[in-house]
Structure formats: structure tokens, C-alpha cells
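Residue numbers (the working numbering), protein chains in the order written: chain A, 9 to 424; chain B, 9 to 424; chain C, 9 to 424; chain D, 9 to 424.
Read the hints as simulated data drawn from the structure, not as lab findings.
In this text, all values refer to a predicted model and were calculated from it rather than measured experimentally.
Don't take every hint at face value.
Unchecked claim - A partial selection of chain C residues facing chain B, derived with a Cβ cut-off under 7 Å:
no. : residue
1   : GLY12
2   : TRP51
3   : PRO144
4   : VAL272
5   : GLU381
6   : ASP395
7   : ALA413
8   : ILE415
9   : GLN419
10  : GLN424
Stated by the list, open to error - The calculated label-pair distances, taken between Cβ atoms and stated as ranges, are:
no. : chain 1 : residue 1 : chain 2 : residue 2 : range
11  : B       : GLU115    : A       : GLN419    : 16 to 24 Å
12  : B       : GLN417    : A       : LYS147    : 18 to 26 Å
13  : A       : GLU156    : D       : SER180    : 44 to 52 Å
14  : B       : GLU115    : A       : ILE221    : 52 to 60 Å
Stated by the list, open to error - Distance condition first, Cα-Cα at most 30 Å in a straight line; then the derived DSS-like pairs of lysine-lysine:
no. : chain 1 : residue 1 : chain 2 : residue 2
15  : A       : LYS247    : B       : LYS211
16  : B       : LYS236    : A       : LYS236
17  : C       : LYS236    : D       : LYS11
18  : C       : LYS65     : D       : LYS423
19  : D       : LYS211    : C       : LYS226
C-beta: ideal position from N, C-alpha, C; glycine also.
Number of protein chains: 4
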Amino acid sequence: MTKGRVCLAYSGGLDTSTILKWLINEGYTVVCFLANVGQEEDWDEVEKKALALGAEKMVILDLQKEFVEEVVFRAIQCNAIYEDRYLLGTSLARPIIARSQVRVAQENNCDILSHGCTGKGNDQVRFELAWKALAPSVKVIAPWRIPEFIAKFQGRNDLLAYAKENNIPVSSTPKAPWSMDENLVHCSYEAGILEDPDHTPPKELWKMTVDPIDAPDKPYHFTIFFEKGIPVKVVTEDKKEVTDSVELFKLLNKIGHDHGVGRVDIVENRFIGLKSRGCYDTPGLTIARLGHIDVEGLVMDSKVRELRDQFVTISWARQLYNGMYFSPEREFVENSIIFSQQNVNGQVRMMAYKGNAYTLGRSSDSSNLYSEEDASMDSLDTFSPLDTTGFIAINAIRLQKYGEAKIAQGQPLAKQ
Amino acid sequence: MTKGRVCLAYSGGLDTSTILKWLINEGYTVVCFLANVGQEEDWDEVEKKALALGAEKMVILDLQKEFVEEVVFRAIQCNAIYEDRYLLGTSLARPIIARSQVRVAQENNCDILSHGCTGKGNDQVRFELAWKALAPSVKVIAPWRIPEFIAKFQGRNDLLAYAKENNIPVSSTPKAPWSMDENLVHCSYEAGILEDPDHTPPKELWKMTVDPIDAPDKPYHFTIFFEKGIPVKVVTEDKKEVTDSVELFKLLNKIGHDHGVGRVDIVENRFIGLKSRGCYDTPGLTIARLGHIDVEGLVMDSKVRELRDQFVTISWARQLYNGMYFSPEREFVENSIIFSQQNVNGQVRMMAYKGNAYTLGRSSDSSNLYSEEDASMDSLDTFSPLDTTGFIAINAIRLQKYGEAKIAQGQPLAKQ
Amino acid sequence: MTKGRVCLAYSGGLDTSTILKWLINEGYTVVCFLANVGQEEDWDEVEKKALALGAEKMVILDLQKEFVEEVVFRAIQCNAIYEDRYLLGTSLARPIIARSQVRVAQENNCDILSHGCTGKGNDQVRFELAWKALAPSVKVIAPWRIPEFIAKFQGRNDLLAYAKENNIPVSSTPKAPWSMDENLVHCSYEAGILEDPDHTPPKELWKMTVDPIDAPDKPYHFTIFFEKGIPVKVVTEDKKEVTDSVELFKLLNKIGHDHGVGRVDIVENRFIGLKSRGCYDTPGLTIARLGHIDVEGLVMDSKVRELRDQFVTISWARQLYNGMYFSPEREFVENSIIFSQQNVNGQVRMMAYKGNAYTLGRSSDSSNLYSEEDASMDSLDTFSPLDTTGFIAINAIRLQKYGEAKIAQGQPLAKQ
Amino acid sequence: MTKGRVCLAYSGGLDTSTILKWLINEGYTVVCFLANVGQEEDWDEVEKKALALGAEKMVILDLQKEFVEEVVFRAIQCNAIYEDRYLLGTSLARPIIARSQVRVAQENNCDILSHGCTGKGNDQVRFELAWKALAPSVKVIAPWRIPEFIAKFQGRNDLLAYAKENNIPVSSTPKAPWSMDENLVHCSYEAGILEDPDHTPPKELWKMTVDPIDAPDKPYHFTIFFEKGIPVKVVTEDKKEVTDSVELFKLLNKIGHDHGVGRVDIVENRFIGLKSRGCYDTPGLTIARLGHIDVEGLVMDSKVRELRDQFVTISWARQLYNGMYFSPEREFVENSIIFSQQNVNGQVRMMAYKGNAYTLGRSSDSSNLYSEEDASMDSLDTFSPLDTTGFIAINAIRLQKYGEAKIAQGQPLAKQ
């Protein structure tokens, strides 16, 4: 008699293999799930391993398209960024993975979901909050928060010993002294030697970008076309032209990879109240975000932009980071994002070179907001400079009172 | 009998020389003022020219120190940025220049202030709002908003003709096909050929940075030390060490210059309701801002940072851009900036290379917020992972209700 | 030959009658327009007067329904309020009036619009910004900002003299020592004796509410039903039941009127940079807003509410106050308002008594957010109190570090 | 041998008496603590009871002055309000009580703190977050979250049985069918019959206010004087004049009480993710807050007010509600509150009548922001109406482009 049916997020690594075996040993039936969100993986090997360890089934699904179109494009549309630096790569993929895992669980009659996330990180929160919104009555097994499990596996040696006992194959490649999470958007690196925030990440760490020092000595030119804030076409100097969402994103990744664009090394604030150090390489999204900001400069109304930047962008990024994707507030904010992008159409010419992406020029057929005539310092046909006099005078009313009050208080502004 | 005493912001160029002569011809007595905020200039030549044209006096003041310490350091402390890209170079200098001009006017019994700004730009607004706060009863002559003046000088040819008539010396160097504004922080480029937002700025335009392509093939390493959010020391790989505020900023400028750091090319929204295209190179401030953000990651409380980012930084940047430096709201916001920086002490190791600055590591003696022990995925001494279970459960309450409501409405989140 | 065709906002009062005559005397052809937005007026009399004075046509349109449904209901949906007190009555009506006047102008081939607003107030701004958005090429005649007009009419006596000369009938009722603006939503009182902010408004000033002291000694009970945040039905203790939007609003006005609900007396900040004192009675909207807030408490998600309150409500109110109704930012914000109200269904039992409206109870069939079971302190079926322990522990992490840092700095929080 | 020394928040009621006895029975030594924050209480009786039950000591401290001056005045200074209605009464007192309890614990060598709050409420969070910030290494016993305790005491009958067994005296007054929390600022009512949000609170519930229906038929007049945003003097129509902070607040409470001012009945969102229904009567603070808002209208700069309202007020209220008083973010925000109040000096004439407080007039000697001259529609000495023309024209630039774009898109604003 099984204790219950569990759908486990299974990666094929030592941790989740241990959890898989442990769940089976505890008497559960386990269906394994692995999402393809663009990471490098030997999919057949993972499946073989899961089944060999006793999983009832191994489900592997390609979620790249929904990942890009539902979440990554939304991030681009709102220029999402967390704490000025982090483009949210891991946070973007989690909801898509979590939703798919819930579907797989439901299709396979599993009423328990499980993952191998640690008890101090963001990802456990992101998975479980998503699961509970998606399937409010779901049960969760988070082994790294179960006292007996933690007691049993106090370090890597305990895992290796358990693997030996239970015939869990262990990769012969030595483990990198940090942990990684990879998807179409980025690869993250944390823990291990990176826990010293003053330890520079070694050259071999970065997986999705070449070292800028090793990047080509020649810039590479390309153009991104946006419609409603979404990149719909990329054309490169060597005549590549892509329009498919996933292919387009992969092309931007390739450009960013080859030219070393999008490396970030930060100390960030986890939802859980701790600071942690993370390194990220995010080639394509860094480029797409820059291009999108540039087009918005040309075609977006300034006041809409102000409101969007201050409230919508900041809120959406925080919601994603904190695992609140399936929430009323994310739905609320996302409705604003989409509305704000109605007229964000245009193209931006860019180049990548030695660690950087640059905008070289931009244009749009559909917006009347930028006008060379208006902007020109030489032309007065569409603008009466006398109006500015009144504009300044009215804006000065408050400031003059402020200056007068300071004088009355014996602290004239001009003397400070 | 003079019509009045005017203090004119005089640069020595064709525009302000014309205005100087025109004011004199109109019957005013003119005291010229030029602020040294770090731009390249032949100061003696300007003085000679002003006096030759009939100015009663030419006052040139070195404001670099107050510029750096009162405004630039504040910008660093709040990571100021306008519309995601622009570091506000021109806006930062204006209040310091305006205040000094008011002082010079008062010392020289001028009750009229004048400038040569165009009637469509931000700078007229910044100057005049500052003047009216600083000296509420001041009168302003803005020739480029006076109908007769505009009618008289309809293009550069009219200026040249007037120069000829009035013995105004005209520089033999041909005028660049764009206009520039330079100070210690940046050089801006706009108008002319740049009015086409799809016209890439030519290689020779950038004054304060070398082209990344021409930058050295070797990265350059240095460390910035911060106290209360202010850079107080820079030490470089070749043993330079500076602590003086202006010298420190110039050293960062030099590093940025040599390695091509800090070029920006955008279409921005002017206060005046128009969009305009601007290019900026801002070497030192780009580096200092990045270093400051990095140290804050290590030592600043996450919730204070959230509030500071969303409200203080955005407000301060907008106030500076719009010329509202001498305002109750800037004073209000600045009080928060300073308070937020009390514990922002630490140092950041950086490198500059081919158009980019990178952070390599950071440390702080005075903050307990980052702890390797806490952050470590391997250590559970200071953290009970079981607490996270409760944390997630409580945070999930709302989300479960949301998921249940969606199911009840026939739109289960898992199916969308 | 006419100088041009003007569409004038004409009220029948001395000011706009003078302007009508003056425009005609200046050589314009004038079409008069008056919007019925619920104010008390002798419509026939106004028409007769306009035609007698020489208007080509007098157009009077009943805009009450679009006023209520397009703007007032939106204000209710977002609980709009300006500076904590003012419910925006005048600002709400202006866009509807302005739009209708533009339509009338277009139908009557008038390319000039005119109004009788003073040059120091908000209303000129609201009218003209709306007109310019609605008909970007329109010309405006604002007599109270034309130097010759101002010079000619320096006080009421000049107006009376001109009236006499030009056979403009002058009402025999003495003018109140303040000015008023009335519509379905409120009546505003400002200027005159009210310019002293310490002068209490006299008892006879208030038009739309009885003095609370004179209100009935018995409370009056009624229930408001909301759908998607809009009041769709009111049922009263004496069995009145209304569902038509305008009738419903009038009923709430009647209840508020009779019981003295909704008087406000404030000093507010005009868009134009000045402070001014305004008194307002706003019976029905005060009641509807209170009821709406109450239903939202029951059925709206807390995080959506936070975002809506802080960003949407504040922005919408400011936009309306400043005359930015026809703007991209209002359109942007309004999209959020409507989205936020999808599930705001429910009913609130209220009573009005002696100057106040009270909520007595509320219910909703369609929301699962409030649950007696969940809320009950006695029931633990749906809630594990142990979860709270983890929730508190995680939330305390930052605070403990803060406390420790204060101790290390010699300023323990417990000693302060 | 004692299991440890506990400092228990003890009220003398059945719940905390049970906890006291239970702790002793479990082997702890208990020091009881009760804060006088203005509630009605028989202090001697509580002390006698605690000692009779076996407490080592009963410490009762009068915290009214620090409560009013440190927290309540701050709430007034920022017009604090939660979810549009709740004046935060309970949340305001908690930090003061928590801090005092920590001090008492430290003075009495107790390293464990305990309270009798339920596991579903806000107060447990507020107490414990404060304790952990104040004394980061403190241990907490929260009996209502201990499984054995909950199992033992499943309802009031279990408590009564335990009381009988352990000689805990039980009050003969029947328990009200709701729970209450009282302090100088308010009395709160929740749970029991109030859990039905459509059940109107019975007349006898309200403790700190008379029913408006029973309030005097005559308004009562008084004046509040503010300095730096703090009420420093109240003078009444019957010549009472108070300046002491606690006495002043009690006088406002008395006025509010007698005239039925400050009743609120809402469904609110707890920090813990649940909605709950609360009723509050808050007589004095309702009046003081209204008076303060009114004076700010007269003397506070509009842009400072905008920033304060949108960011500071909302943040402070949320921080207090969520128990984040002893936090870096509250300290950060409070610094802004105090700065914003530097010039908030003035007096407001008010009256209370039948459930409401009204402002009748206000004045200030120290502010130049309101000027009758400026505000007057008749005076043009300090204001040129022509300036408004330019102001409108510049503000219209964006709106005209918006209108033009709509026309180009076939959706002219005037036709919608």
C-alpha cells in the first residue's frame, strides 16, 4: 500500500535523486517531473535515471514557448529589474514550471507535490506559493525542511553514502564549488565559494557568456523590432532574420553570449529576510530590455511612463521575485503593463561589443510623440517660446514663497 | 542713464556674446558671470572678450568643490537616474551655478538676471526657477523668449552679421553640428544632426570618453571606499590614492574616460512636454553610482532600500531634472537620502574595461546585515528551515483563496 | 464680416453675459452653450437672455447621465479624494462639459472656444486642457486673461455699467458674497468673504445640505447595492427602490441633503501653485463613497487594495483635479480602476443622521475573501496557529539584526 | 528548580490568569507585567490576583505619557490611517507596551517573554516582532500557539474548569459576546457576534463614545493649537485650557466621547492574510487628526504634502499595523514625518456635534503659503493672469499630441 502519490520536481542531480529514493523508501509512489525551460540537459539520461531509481513515470515537458511568451515578454514590456541589477531569470521560470507540475500531478492523480529546494532560499517559496494558488488543497513535501531528513543528510558525504547504499548513480564530474540554476533567460550562480561577497567569481564560472576579454574585437550590429512592447523580429548584420518567439530569444542569447553581455554580480535581499550573493549571466534579456527601454523613450507618453516606472515595474518585479506570480496583485499589475504597451511599436538599431550592448538609433512609424520639428531648437513653428515664460512663472509661485520664507527665517537660500 | 544692471550668464560663445552686446545696446549695464563647474575653458580669453564687448565686470568662480560635495555626492547617495538611463549631469550643475550667479548679482547690485538658454529647453526652466527661489524679487531677461530678439536673430547668419557689425570676435573653428554642455560630471550633446533619433552619433562627438573600441585591451582595477554613502577614497592598481572630493571625482572620470565608460544615447522627456534626443558621456559618475549600488546591496536594509528606491530616488531625480532643486520638496526628500546613508560604509573592488565598469567584490566592517553564516545553504545554526513552512503557509492564505475563487469562477489558474 | 465663430460657455450670469456682448461688440459671431450637469437653473430664461443679447444660437444639453456614468461612478469605484477631504465635485463635471462644448462647436462650425473663468483658478485650466486634447487645433478666447478686457472690467461696477449701456438684464437678487459652482455632485463656495480662512461659512451658504442641527432627530436607513464597484440599486426604509443611475444618485443626494451629510471646509492647493479656501457640500457622493469603501473591505484582496489606494486612487484624483482628464495617464489609470472592481459586488446597510452617514453592516454573495470560519478566534479548522510562529520568525530576521546593530552601536532600542 | 524566568503580559482576565497558572504549573517562575496605556482598570485588584496565583512579582507601569508623546503625536503628525478608516489605536500602543515589558524582563532577569494573544491575530505579531528587535536573543512562549495548550483549552468551558481546579477567581460579570482592547486612544471590539459582518454592533458595545443619538443637541466649540504638527494646547468654549500632553489628549477624548465622535465599523485586512471585522471608537484622535489635516492645508507646501501623503503616511500606517515599529524602515519614515512638520504651526477652531467634528476656521502666524491677496479672485497685484496662458499652453503640448493620435487612429476623443 502506497502512503500517497507524489509528483516530484526531479532534475537528475544528486539531491533530487536522493529525495526520489527517500520518498520511495518512505513508501510513496513518485511521478517525476522535469521542465525544459531552456537549460542544457541530457533529457534521456534523466528519464532513464528516474525510472531506474523507481519512479513510476518521468514526465519531461518543453515549456520554452510559454515561458518566453507569457513571462519573459512581460518582463521586457515592463523593463523588470530587481534592486537595480537583477533581471529575475530564476523567478521568471518558476511560475511556468510550477503550473506545469501541478498539471502533471493532476493528470497523474498525485495529491502531493515535492521539490528539492533548500530551506533558506527563495525557490521553495516560489514553488509552494504557486502550487497553493494553482491547487489550493495540494499537500507539499519539502524534505529540506523535514527535521528527520535534515538530520539524516547533514552534508554531501551523507548524500554520497546514501547514494552508494541505494545504487544512485553519481556523476563522475566533480561538483562545482557553487550551485547553479539555468534556463533560457539566464544562469545563476550562488553558494559555495561565492558566499564570500568579496570573492570574485572565477573565469570558468560563467556559462552563458564568454568573458568580455575574450569576446571579438569587432562590434556586431543588429536591429530589434517591437510591436506592443514585444520583440517580434531581429535582423542581424549577417542577414539572419528571426520572428519565432523562442528562436528570437535564442538569437539574442547567442549575440549576448558571444560578446559577453549581461553579467551581474550582486548581494541581494531574499524574500526570506536574508541577504545573499548571486551572480547571473543574462545575455539576451539584457539586450532586449535595453532595446525596449530605448523604443519607449521614443514613443511612450512621459506621464504614463512615470506611473509605469514607479508603480507597475517595481511592483511586478517584486511580485515575481517573491513568488507571487499567481496572485491577484500580479494579475492587477499585469493588466496595466499590457495597457501601457499599446503603442510601443518601433525598431532599435543596436550593437554588441566586449561586454556591452549599445543603442545606435531608433525609429517608429506609428508614434507622433517625437517630432524633429518640435524638438528642434531652431524651429519655432510648433512652439511659442513665450508660453514658457508663463509656465515658469506659475511653477515659480511656490518656490518664491519658499525662498521668501527662508529669508524671513534668517536662512536665505542664496547664502547657504 | 542705464536701463538697469544685469548679471548675465556668459560663456564667451557667439550666443551669449551677442546677448551681451545686445543688452548693452539696449541700454543695460552688464556684469558677466561664468561658473567653473569643471568644463574645459580658456578662462582668460573669456574674460578678455567680455570686457572688450563692454561688460562692466567679468566674474569667474570655481564652483567645483561645492558642485561635487553638495550635489554630485547626493546623486551618488541616492543612485539618481532619470528615465532609467540619464545620470542628470546638466541638471546637477544648474542649481550650483544659479546660486552663485544670484550671489554675484547681489554683490554687484544687479536686480536683473539673464541667460542665453533657448526657449524650448530645460535649462531656462532650471535657471529661472532657481533664481526665483533664491531671490524672489529678481527680474529676468530671457532674450530667446523676447519676440523682438527672436525676430532679429532668426538663424546663425543673423548672429554672424550682428557679430560683424558689433566687432564680436567669432571663433575660427567651425561650429560642431550639435550643441554641447560640459561640466565635471558629463558632457551632453543635442540638437543639430542629433535631432534625427536614428542618426548614430559620430565617433568624434564624444568628448569625455574614448571610443570603447579604442580603449586599452587590458582591464584596469581600482577600489572605491564609501562612508555614509559618499566616496571618500579611491585606490588604483597603479597605487594612486586620492581622498579629496574633486580630485577623487576627476580620477574616476579619468578611469572612465580611458576605458570608454558611461556613454548614453536616448530620447528623453523634457519638463516642457516635448521629447528630445540627448547623448551623454558620464564616465566617473557612472562608475561611482555602480559602486555605490553595490555597497548598498551589502549593507542596506531591504525595506529601507525599497522605500528609498521607489520614492526618494525617483523623486529626487525628477526634482533635479525639472529644475526644482531650491524647493521644499527637494529639501524634504534630501533629508531622507542623508538619513538612509548613515550605515552605508564599505568598499567595492572594481574594474573598467572596454566601455564597462564591473564590480569584482565588496566588503564592509560596519554592517551585520550580510552574514556568510546566515547566507550559507549548508549552515542551519542561525536559521530554522521549519520557520519557512509557517512563513509560506501564512503567505499562501490569500493566494489559496484567489485560486479557489478562480476555480469557482470556472477559470482555474492551472488551466490557463 | 465676422471676425470668427465662437462657442461660448454661457451661464446667463453677469460675467458671461458681459463676455457674450463684448465678443459680439468685438465682431465675433457667438453660439452659446450651457450644460445641464444637474445644477438648478431656469433654462428657458437663460436661452431667452442669450438670444436677446445677440447670440446666434443657444444650445442647452442634458449631460447628467454621462456625467454620472462616465465620471462620478469612476470616482466612486476608486474612492477618489483630493488632499484627504475634497471629493472633486467641480473637477468631475468639467471634462463632460468640455467635451460637449467641443462637439457643439464642431457642429456649429465654431473654431474658437471661450469661457468666463477667472485667470487664477483651476477651471480655466481644466476647460482649456480638455479642449486642446479634444480638438487640438482649437483657438481659445479667455477674456479674463486678455489685458484690454481686464483693464476695461476692473470690478463689479464696471460690469454693471457695461450691462446698463448694453441692455444686459441684471438679476435683482443681490449677489452672494462668495461664488458658487453647482452640479449633480456638489455645490462649491469660494472667494469673497471665504477668502479669510478663519471666517466660518454662514448658515445660509450651504445649498445642497440642511444644517445638521436642523436635520431630523431620527436616523434614516437604506441599503446600497454595488456591482463591479458601481452602485446599481438603493433601497430605503420607506420602500423607495431606484436603479436608474441618475435617479439613484439623486436619491442619495436627497438623503444626504436632508440629514446634512457631506459638508467640507478646507484650504486646498490649486494646480496653479496657490492655496485657496473652498467649501463644498457633496451629499450623495459622500454617502456612496463610504458605502463603496465598506464593501471593498469585505471583498477586495488586500494587496490589490494597497496598490490601488497608493497609486491608482491618488493618481486619478490628482489628474482630475489638475484638468488632465483627457490624457494618456488618466486613460492608463482608469484601466486599472475598472480591472480592480471586477469582484466588488455586495451590499451595505447604512444610516444617515445629523451630518453623518454610518455603515451598519455589509454582505456579499460572490466573494470568498471574508470567512467567519477563518476570522473566528475560536475556530482552528482552517488555520494552524503554529504557522504563525514561522511567519513571525522569518519576519523577525531583519528586525533582530537591526536590534543587534543598535546594541553594537551603544544605542539599544530597549533603552531609548 | 525553575524551568526558567518568564515575564508575562498579564491583564487579570481569565485568559492570562490561566496562562499564569499554567506556566507556574509547568515549572516556570513568572513576573507579571501590566502597562497602563490609559485603559480603565482596577490596578490593585490585578496585582492582588497575580500574586495570589503565584506570580513572583506584579509590575504595573504608567506609560501614558510616552505613549502619547512618542507614538500618538506621530500618528497625528502624519494623519495616519489604515485602509481609509482605522486610526490604528491598538497598533499604536503595542510598541510602547512591548518595550516596557522587555525592560521589566531585563530588570527581573527574565529571558523568556510571554503573552496571551490568540494565534490568528495581529497582536501576537506586533508583540513578538517588537520583542525580537528590542532583545534579539529573547525566547517567547505563546501558549495559544502551543499544541498541548490548545488541546487542553479548547473553549471557554475548559478555561473555567481549569480556573475552578486552580482557584483562579472568575469575574461574576458575564463576558461580553465580543473581545475588547482599550487604551487612551481607542477601544476596539471584535470576535464573537461581530464575526458576522452584517451584524450591527449593539448600542451597549461602544465604551468610549456616547451614541450620537444621545449626544447633546448643542454643538460644543473648542480650538486646538499646533506646533510642529503636535497639538500643544486646547481651549474650550467653557474656558478649559490644557497643555499637558496626556491631559490634552484626555480632554479631546472627553469632547469626542460626549458628542459621539469617532466610531468606525469595518472589515479590515490583517497582516496574517485574513480579513476580520473590527469596530473602534477613537474620540480624541479622530478630532486631533481632523484638526491637524486642516492646519496642514493652510501651511504645508503642496508638493511636500503629496510626497508625504503618498509615501510617508501610507508607509508609517502599514508599518505600525504590521508590528514593524522597531524596524529600520519605521525609523527611516519617521525621520521624514518630523522633517515635514517643521512649519506646521497654527490653530484650528472646531466644533463637535452629534457624531461629528467640524472645522470652522483656521489661522497661522508663521506661514506665508496662504495669502488672501494671492487667493483673491479680485486681486491681480501678485499674479499675472497672462502667465496662466503659457502654463496651460505648455501643459497642453502632450495632450494635443494625445488628441491628435486618437484622431489619427480613428477614435477622436470628442466622439467617444
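Do the hints match the structure? See the list:
Because the beta carbon of C:GLY12 sits about 23 Å from the nearest beta carbon in chain B, more than 7 Å, this interface hint is broken. Because the smallest distance between the Cβ of C:TRP51 and any Cβ of chain B comes to about 39 Å, over 7 Å, the interface hint for this residue is violated. Checking C:PRO144 against chain B: minimum C-beta separation of about 13 Å lies over 7 Å; hint violated. Given the 7 Å rule on beta carbons, the hint for C:VAL272 is violated: about 25 Å separates it from the nearest Cβ of chain B.
At about 12 Å, the closest approach between the beta carbon of C:GLU381 and any beta carbon in chain B exceeds 7 Å, and the interface hint on this residue is violated. Checking C:ASP395 against chain B: minimum C-beta separation of about 4 Å stays under 7 Å; hint holds. The beta carbon of C:ALA413 is positioned within 7 Å of a beta carbon in chain B (closest approach about 5 Å), and the interface hint is therefore held. Interface hint status for C:ILE415: violated, as the beta-carbon distance to the closest one in chain B is roughly 10 Å, over 7 Å.
Hint on C:GLN419 is violated. Least Cβ distance to chain B is approximately 12 Å, over the 7 Å limit. Because the beta carbon of C:GLN424 sits about 16 Å from the nearest beta carbon in chain B, more than 7 Å, this interface hint is broken. Distance hint check for B:GLU115 and A:GLN419: the Cβ-Cβ separation is about 19 Å, which falls inside the suggested range of 16 to 24 Å. One distance hint, 18 to 26 Å for the beta-carbon pair B:GLN417 and A:LYS147, holds here, with the actual separation near 24 Å.
Our hint of 44 to 52 Å for A:GLU156 and D:SER180 holds, since their Cβ atoms are close to 51 Å apart. Evaluation of the 52 to 60 Å hint for B:GLU115 and A:ILE221 yields a pass: the beta carbon distance comes to about 55 Å. Using a Cα cut-off of 30 Å, the hinted pair A:LYS247 and B:LYS211 holds, with the two alpha carbons roughly 25 Å apart. For the given pair, B:LYS236 sits about 43 Å from A:LYS236 by alpha-carbon distance, which is inconsistent with the 30 Å threshold.
Distance hint between C:LYS236 and D:LYS11 is unfulfilled; the C-alpha atoms sit about 58 Å from each other, more than 30 Å. For the proposed pair C:LYS65 and D:LYS423, the alpha carbon gap of about 22 Å is at most 30 Å, so the pair holds. Between D:LYS211 and C:LYS226 the alpha-carbon distance is near 15 Å, which keeps this suggested pair within the 30 Å criterion.
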